[in-house]
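Visitor: Turn these sequences into a full structure, and let the hints steer you where they fit.
Those protein sequences? They're chains H and X, same order as listed.
With the numbering used here applied, the first sequence closes on residue 227, and no number is skipped along the way.
With the numbering used here applied, the second sequence closes on residue 163, and no number is skipped along the way.
Because the hints were derived from the structure by calculation, they are not lab data.
For every residue, glycine included, the Cβ atom is placed at its ideal position computed from N, Cα and C.
What follows is a set of in silico ranges between Cβ atoms, one per label pair, in the way DEER data are often shown:
| hint | chain 1 | residue 1 | chain 2 | residue 2 | range |
| --- | --- | --- | --- | --- | --- |
| 1 | X | Asp73 | H | Gly117 | 24 to 32 Å |
| 2 | H | Gly182 | X | Ile35 | 54 to 62 Å |
| 3 | X | Ile109 | H | Asp177 | 34 to 42 Å |
| 4 | H | Lys168 | X | Asn111 | 39 to 47 Å |
| 5 | H | Glu44 | X | Asp73 | 39 to 47 Å |
| 6 | H | Pro40 | X | Lys113 | 42 to 50 Å |
| 7 | H | Leu222 | X | Gly103 | 37 to 45 Å |
| 8 | H | Asp120 | X | Asp73 | 31 to 39 Å |
| 9 | H | Asp177 | X | Val146 | 36 to 44 Å |
| 10 | H | Lys168 | X | Gly103 | 34 to 42 Å |
| 11 | H | Tyr62 | X | Ile109 | 48 to 56 Å |
| 12 | H | Glu44 | X | Asp106 | 45 to 53 Å |
| 13 | H | Asp177 | X | Lys113 | 27 to 35 Å |
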Amino acid sequence: MFDLQYKKIYGTAVVLLITALTLWSCNGEKKKLPILGERDWVTKKVDGKDVVDTIYNQIPPFSFTNQYGDTVTEKIVEGKIYVTDFFFTSCPTICPVMKRQMTKVYNEFKGNPDVMILSHTIDPEHDTPKVLNTFAKDLGIEGDQWQFLTGPKENIYAIGQKSYLSAAQEDKTAEGGFLHSGAFILIDKDKYIRGMYDGTTEEGTQKLLKDMKILLEEYKK
Amino acid sequence: MIKKALFFITAFAAFSCQSAEELKSEQYFAEGYQLYTTNCANCHQADGKGMANLYPPLVGSKMIQDKIAMSCVIKNGMKDTIIVNGKAFSRPMPANAALKELEIAEIITYVNMKWGKDSVYTPTETVIKALESCRKH
Numbered sequence: 007m008f009d010l011q012y013k014k015i016y017g018t019a020v021v022l023l024i025t026a027l028t029l030w031s032c033n034g035e036k037k038k039l040p041i042l043g044e045r046d047w048v049t050k051k052v053d054g055k056d057v058v059d060t061i062y063n064q065i066p067p068f069s070f071t072n073q074y075g076d077t078v079t080e081k082i083v084e085g086k087i088y089v090t091d092f093f094f095t096s097c098p099t100i101c102p103v104m105k106r107q108m109t110k111v112y113n114e115f116k117g118n119p120d121v122m123i124l125s126h127t128i129d130p131e132h133d134t135p136k137v138l139n140t141f142a143k144d145l146g147i148e149g150d151q152w153q154f155l156t157g158p159k160e161n162i163y164a165i166g167q168k169s170y171l172s173a174a175q176e177d178k179t180a181e182g183g184f185l186h187s188g189a190f191i192l193i194d195k196d197k198y199i200r201g202m203y204d205g206t207t208e209e210g211t212q213k214l215l216k217d218m219k220i221l222l223e224e225y226k227k
Numbered sequence: 027m028i029k030k031a032l033f034f035i036t037a038f039a040a041f042s043c044q045s046a047e048e049l050k051s052e053q054y055f056a057e058g059y060q061l062y063t064t065n066c067a068n069c070h071q072a073d074g075k076g077m078a079n080l081y082p083p084l085v086g087s088k089m090i091q092d093k094i095a096m097s098c099v100i101k102n103g104m105k106d107t108i109i110v111n112g113k114a115f116s117r118p119m120p121a122n123a124a125l126k127e128l129e130i131a132e133i134i135t136y137v138n139m140k141w142g143k144d145s146v147y148t149p150t151e152t153v154i155k156a157l158e159s160c161r162k163h
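Guide: As structure tokens, then:
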């Protein structure tokens, strides 16, 4: 009787110890962010053997105009991680909140050459480089680290929907005339999406700040 | 004994009369807080301090005490450049056509009790009258 009880307790202790050890070893390993988006598989022949390769969703080359009137391509984010979002300057709803939260990201990584922010307008007819310039200034943003981008509407909507997996479109029924998500999207140095966050909340922003640090760790050798 | 009882009843009546007014102020304030959070805080922020040079603050603004102007701007929006606390703001404020007079009164109550000098609520009648005057403009 006593023996049986003793065995039970002993057994439980062993299980607990194993669980604790497993958890501990998990923590010891560096956390890595997932790669998000649709993926494809191709079969390649390597040394005469079939090897399946995964192709992840990757941000394609782009060309837009920034708040200084300069042409900006994917080259501007070469060797950098960046956060991107979609907004418009006359937006009465979630954009002011998103911009306030993005300002926190900006201030946290201000001057860090490995980090950039790209904000795309979804109302390019109104948001010309000049309008974006005034907006950035009024927000207190100077320099090149935070780019406000405009360009042909169809290109902005296409990159938003297909590449950044973020809704961006005209909708006369929506307040302000445009429908867009409040997402902040985190892109790594190889142009893969590594995280999507709710840019309208403090929790989303804090998660993004944490993940950006994890992502930057990946490149530290 | 009867005198004493009467005294208590009178005191109680006076007290409950005052607290009815207070209760209404509290109600307007609480409702106003909810409405402010949904309709105004995106730009003017939860703390009423506005945002950089984009959206003007309510804290320290003289305009919040002008209940006629407040009613009209909340309901119909505005396009003019305004100077608040020495800074110019020129982004248009959108209209809030769906807000009812009572709701506007509650927002004005919240803003003025929180960041202005008011200690009691702004009645709906004030807003109704104000809105009639701004229609004439």
